[in-house]
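Chemist: So you can see what is in the structure, the chains are spelled out below.
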Amino acid sequence: MRLLLPLSLLVVALFAASLLIGPAGLGLGESLRALFRGEGGPVVLVMQEIRLPRAILGLLCGAALGLSGAAMQGYLRNPLAEPGLIGVSSSAALGAVLALQSGLAASFALALPLAALAGAAAAVLLILLLAGPRGGALALILAGIALSALAAALTSLVLSLSPNPFAGMEIVYWMMGSLADRSMTHVWLAAPFMAAGMAALLTLGRGLDALTLGEDAARSLGVNLSRLRLVLVLGTAAAVGAAVAVAGSVGFIGLVVPHLLRPFAGARPSVLLPASALGGAAMLLAADIATRLIAPDADLKLGVLTALIGAPFFLHLIWRLRRVEA
Amino acid sequence: MSLLSLTDLTVLRGTCPVVDRVSLTIAPGECVGLLGPNGAGKTSLLRGALGLLPHQGASSLTALAPAARARAAAFLPQGREIAWPVSVETLVALGRSPHGAADPGHPAVGRALERMGLDGFRNRRATELSGGEQARALIARVLAQETPLLLADEPVAGLDPEAQIRTMQVFADLAAEGRGVLVSLHDLGLAARHCTRLVLIHRGQLVADGAPREVLTEARLAAVFGIRGYHAETPDGPVFQPLGVVR
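Protein chains in written order, with the numbering used here: chain A, 1 to 326; chain B, 1001 to 1247.
No lab work stands behind these hints: they were computed from the structure. Check each hint, because a few of them may be wrong.
Claimed, not checked - Label-pair ranges, simulated between beta-carbon atoms:
{"id": "1", "chain 1": "A", "residue 1": "R320", "chain 2": "B", "residue 2": "G1105", "range": "53 to 63 Å"}
{"id": "2", "chain 1": "A", "residue 1": "F108", "chain 2": "B", "residue 2": "G1105", "range": "53 to 63 Å"}
{"id": "3", "chain 1": "A", "residue 1": "F264", "chain 2": "B", "residue 2": "R1122", "range": "15 to 25 Å"}
{"id": "4", "chain 1": "A", "residue 1": "L317", "chain 2": "B", "residue 2": "G1105", "range": "26 to 36 Å"}
Every residue, glycine too, gets a C-beta built ideally from N, C-alpha and C.
Using the sequences plus the hints, can you model the full thing?
Modeler: This is the structure:
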């Protein structure tokens, strides 16, 4: 509670900031009134059709990434695990890239997110097939690594077979991740998957806590590990697959946020789950605001920014780990 | 009413039986030592009895639903795993989770910490304790579960002499309070001294089951462990000390 309250306040503040900051340079009162007003006009349009979906998607995608990262780290009992580990992100990206390449994305607006969701669903089926219904954590990691490598290779193949440089550029830009120019339609498409996935992941707290003692002890405490793993894979796939579908590949949030918050959660996975959802939302909203503030005209990509913050943090993590283990 | 009954329990690794038709019952008030050389099948027996390994034959515990089993028997695995730097009281409170919430404030957590001499460690990070202290914290977790039956796989390995004796005394006390304990051990002296009954397994098969003095005979020690030893009855109870190798 002492952790979740300040995090919630931070998320609310950043959500509001995301609504109020943008190139249109609207006044505070003006934009707030426009948010709740029914009739048209340019300000209402900007607030309701551009900024509101962007802020909602930032909140949801960040929460999905942070929460799945915490769940994945808890299950694998490894602070270096991240939601992309089971191959869902790269497969969703492959689906989206295929949609861009085939021209399907240009024919109707939702083709891209739908193709990404299909990619994520295919990844889940493959991973459950490869790792088996009762397999352990290692089988899951290895299957995920193989699947990620395959999806990444296919993405590169599609890219190199791209008919013209513009299609190639479009694919590369999309893969960097962004929340720009998303509509409420994107929200309505992705929100149900993310909500269902996150609701499933939030039920795993007790089982993940017990896993602190290892698999045998957890099972002897009454935890059904096969079920836990299934819920983890399905929940992560729904939440992260939908996040990739609407925001592209946004890395490092799922890795960094649980790690940052772990000391404040007393290292308890059950406390870390909701905390990481809030932390992920705060971090993605902040990063998205930063892309607008740092270079309003250059369309700075969200994934680039989170990686720019995330990678040095990762190095710091390794540095500290090395010192502890020395 | 027995707390555990195994009937022809068999655990296969490939086609090789690592536990071979073992039948065994444990009644309230018994502290049973599970003995056998490395690879005899002690761990497989315990895991099979809990349903953690695929097995043939019957175990009264695997007949229960997982949640009911977690309230009937607590298990201390051999591998001492503490994945996250949680506080000792949080770790011990995990033993309360089958009964509802893993609440560090529950009196059972306090009792368990006190029994293992960890009162002053409540708020320390479990991963920063020494190996022996971690082992004691993990035993406390099993005690906090407060189940009628306790299964422990080599709980005293790597503990200092005081902690070894204390731990065995705790198990003996639990038995005296009417609960049942099945504990696998390599220290035959501790087993002879603190267990009410010993079960000896060799190559997966149960070869002896009875009072310590009846189980640890010269012929069996030679055949199963390849050692000879010294027995005595002292005012402190039975004493057994391995002396040499016979093969």
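Chemist: Taking the Cβ atom of F264 of chain A and the Cβ atom of R1122 of chain B, is their distance within the range 15 to 25 Å?
Modeler: 19 Å, holds
Chemist: Between R320 of chain A and G1105 of chain B, does the beta-carbon spacing fit 53 to 63 Å?
Modeler: Violated - the Cβ-Cβ distance for R320 of chain A and G1105 of chain B, about 33 Å, lies outside 53 to 63 Å.
Chemist: I want to verify a distance hint. Is the separation of the beta carbons of L317 of chain A and G1105 of chain B within 26 to 36 Å?
Modeler: 33 Å, holds
Chemist: Holds or violated: the 53 to 63 Å window for the beta-carbon distance between F108 of chain A and G1105 of chain B?
Modeler: Distance hint for F108 of chain A, G1105 of chain B holds at roughly 57 Å.
Hint compliance for this structure: hint 1 is the single one not met.
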